[in-house]
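Asks: So the protein lines, in turn, are chains Y and C. With the UniProt record's numbering, letter number 137 in the first sequence gets 137, and the count goes up by one each step, no holes. With the UniProt record's numbering, letter number 35 in the second sequence gets 35, and the count goes up by one each step, no holes.
None of these hints come from the bench; they were simulated from the model. Some hints could be false.
The list treats identical chains as interchangeable, and a pair is accepted whether it falls inside one copy or across any two copies.
[Unchecked claim] No farther apart than 27 angstroms at their CA atoms in a straight line, the calculated lysine-lysine pairs in the BS3-like style are these:
no. : residue 1 : residue 2
1   : 294       : 8
2   : 333       : 284
3   : 159       : 333
4   : 290       : 333
Protein chains: 2
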Amino acid sequence: MTEQDILKALSNVQEPDLGKDLVTLNMVRDLKIDGNNVSFTIVLTTPACPMKDHMKNASENAIKILVNKEAKVTVNFTSQTTTLRADRSGALPGVRNIIAVVSGKGGVGKSTVSANLALALAQGGARVGLMDADIYGPSVPIMFGVRGERPMMKDMGGKGVIVPLERFGMKLMSIGLLVDEKNAVVWRGPMASSAIRQFVTDVDWGELDYLVVDMPPGTGDIHLTLMQTVPVTGVVVVTTPQDVALADAKKGIAMFGQAQMNVPIIGLVENMSYFTPAELPNNKYYIFGKEGGKRLAEEYDLPFLGQIPLVQSIREGGDQGVPILMTSEELTKQAFYDFAGNVARSVSMRNARMRGEEIAEVVE
Amino acid sequence: MTEQDILKALSNVQEPDLGKDLVTLNMVRDLKIDGNNVSFTIVLTTPACPMKDHMKNASENAIKILVNKEAKVTVNFTSQTTTLRADRSGALPGVRNIIAVVSGKGGVGKSTVSANLALALAQGGARVGLMDADIYGPSVPIMFGVRGERPMMKDMGGKGVIVPLERFGMKLMSIGLLVDEKNAVVWRGPMASSAIRQFVTDVDWGELDYLVVDMPPGTGDIHLTLMQTVPVTGVVVVTTPQDVALADAKKGIAMFGQAQMNVPIIGLVENMSYFTPAELPNNKYYIFGKEGGKRLAEEYDLPFLGQIPLVQSIREGGDQGVPILMTSEELTKQAFYDFAGNVARSVSMRNARMRGEEIAEVVE
């Protein structure tokens with residue numbers, strides 16, 4: 001077995017999202033051959049890639065069939081999250097991808113989706129931050145049990161910057177930690193815009209693969225300010241299957257598609273898709289109607305990123321301050337992992353596309 | 001046993017809501033005595049009175065203890081629904097009480113609550129009409145399976161009037177039956193006001209104890225028009241326990257309390273209070289938070305009219321066109337009966353109070 005044999009075999013293995021083979025995409029590194037033993041590393045475009053197992057099996061098969069059926073193949077993975085932010089001067093210089101989570105109206109679980117998206121990406125191995133920019137009702141302090149904590153400041157080139165908190169292997173910061181809870185509501189118009197701009201520029205996030213931004217709900221001026229301040233990679237729209245929520249989601253989609261915003265929509269996620277009592281884990285109750293979010297995504301030709309169920313036990317109680325991903329609720333956890341994987345893929349594909357690379361049809 | 005003995009005994013029996021005894025309130029009629037047999041009729045202020053059994057038992061006990069322990073007592077009930085509409089000229093001349101069902105925002109189940117409130121009042125023996133005035137999304141046609149039906153017209157004193165449909169022992173009419181579904185959305189501002197005014201004045205409801213009006217959701221000009229056109233007895237505010245819904249309910253309460261509206265609020269009902277899978281009828285899952293509506297009613301010092309659970313079976317499917325009260329779902333049915341009883345009591349008490357009668361503290 002020569003290095004050339006192995007690379008030739010691997011040039012038959014496709015990266016499913018990008019639609020090209022591993023060798024052409026320059027994803028194979030550290031190739032070592034020792035007798036029948038072959039080992040190499042695949043450099044993924046995101047650590048949260050849900051296609052890992054698929055590529056590993058395909059690589060093994062290709063080598064065994066095309067080169068040596070006795071080969072013992074070891075596939076390692078590493079990742080280099082892609083980014084479109086070539087110079088990364090200005091705001092958030094160390095952040096590769098900024099994902100804004102939005103909703104057309106409140107009450108659809110946008111903050112829960114944001115927090116668990118960030119956690120799922122972090123658990124996949126990425127360096128992740130969660131920025132709670134929901135000026136009208138910051139919920140990260142309660143969700144992560146950090147209410148009342150005051151973040152540290154540090155000096156950075158003569159300027160005082162805020163150091164994010166760290167929880168569950170990721171960084172987090174909430175506008176709710178910087179202002180008195182009772183004062184937040186008086187922020188309106190220009191004052192809100194100036195506060196949010198300062199909040200974005202004054203936190204030192206360091207090097208991140210993904211910064212998830214929990215945006216204020218609705219469609220207003222504050223969103224324009226945020227989009228002009230934060231160099232957002234794209235937005236994830238959260239909706240529930242309920243008709244009124246879908247109508248509001250449409251408004252959100254329309255707003256982010258406007259010329260003055262011009263932010264790409266990464267996709268749509270349906271929250272509260274169905275209710276499953278923890279006591280009856282195989283039952284799905286479509287309380288708010290079935291697959292309204294999925295149909296909306298089809299209607300607008302947007303990627304559908306997943307369905308998050310509502311799972312609840314009547315015995316629950318003390319889980320405040322612990323996001324779902326840190327609990328033992330497997331059904332919802334798996335839904336969040338699938339969703340986060342789809343977000344990461346969608347971002348990778350967009351990054352590849354925008355760099356001028358051709359991408360074949362998306363494999364579902 | 002003399003007539004006087006019996007009336008003296010019954011003057012010890014209180015009407016719990018009005019806080020006075022049956023004799024003072026002139027509620028005892030058709031008193032007949034034949035040996036040990038006593039029979040009489042209690043004239044209720046509403047046929048949907050949930051206090052019937054209570055008054056029956058109290059009357060029997062009073063006669064047996066105070067007059068003759070061998071007495072065989074037969075209590076009949078009839079009702080004469082009270083009204084504040086002394087002249088009843090103008091719009092809706094034959095209607096005794098007009099109950100407007102409102103919500104601060106859509107999606108809280110206002111139409112379901114309206115339809116089942118009307119049905120529960122009708123099942124209690126009242127003459128009831130349901131007017132679907134939700135110009136933005138009339139739902140009575142679908143809920144009652146009368147989509148596409150065209151109501152009849154008849155001549156009344158040289159004027160053509162619309163005859164309401166009849167279903168499940170009550171009258172119903174929807175603005176959705178009068179206009180093409182696709183045209184409804186273009187009604188805005190003055191056009192909507194004029195259409196709704198015509199809709200209210202052109203339907204011949206005949207004699208009704210209660211007309212339940214399913215109002216458009218939200219807080220806008222259309223509500224002012226409706227309140228100026230329809231002589232509303234009071235409004236029932238529907239909310240869910242979710243924080244965003246409660247915030248919108250507050251807006252609604254504020255609007256109807258304004259001087260230009262000045263419509264009394266009959267009370268607040270909490271919909272989707274908890275979820276109960278039909279397969280686990282004893283489990284309550286407080287999906288949207290617990291008793292938020294109840295706390296809101298306390299905060300604003302409004303009567304709390306009830307909690308309607310969300311009960312669903314995964315086997316359901318073909319129930320479109322049949323309101324909950326016409327199904328076999330006992331848990332929700334009982335919640336609606338309790339709620340309707342509270343509405344009728346609240347209206348009776350208000351009518352009594354406004355006629356200058358003193359009412360003792362409400363017995364819960």
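Asks: Work down the list of hints and note, for each, if the structure agrees.
Replies: Now the hints, each set against the structure:
1. 294 to 8: Neither: 40 angstroms inside a copy, 70 angstroms across copies.
2. 333 to 284: Close inside one copy (16 angstroms) and across copies (23 angstroms); limit 27 angstroms.
3. 159 to 333: Classified as neither: same-chain Cα gap 40 angstroms, cross-chain 64 angstroms, threshold 27 angstroms.
4. 290 to 333: Answer is both; intra-copy 20 angstroms and inter-copy 24 angstroms each pass.
Violated hints, listed in ascending order, are 1 and 3; each of the other numbered hints is respected by the structure.
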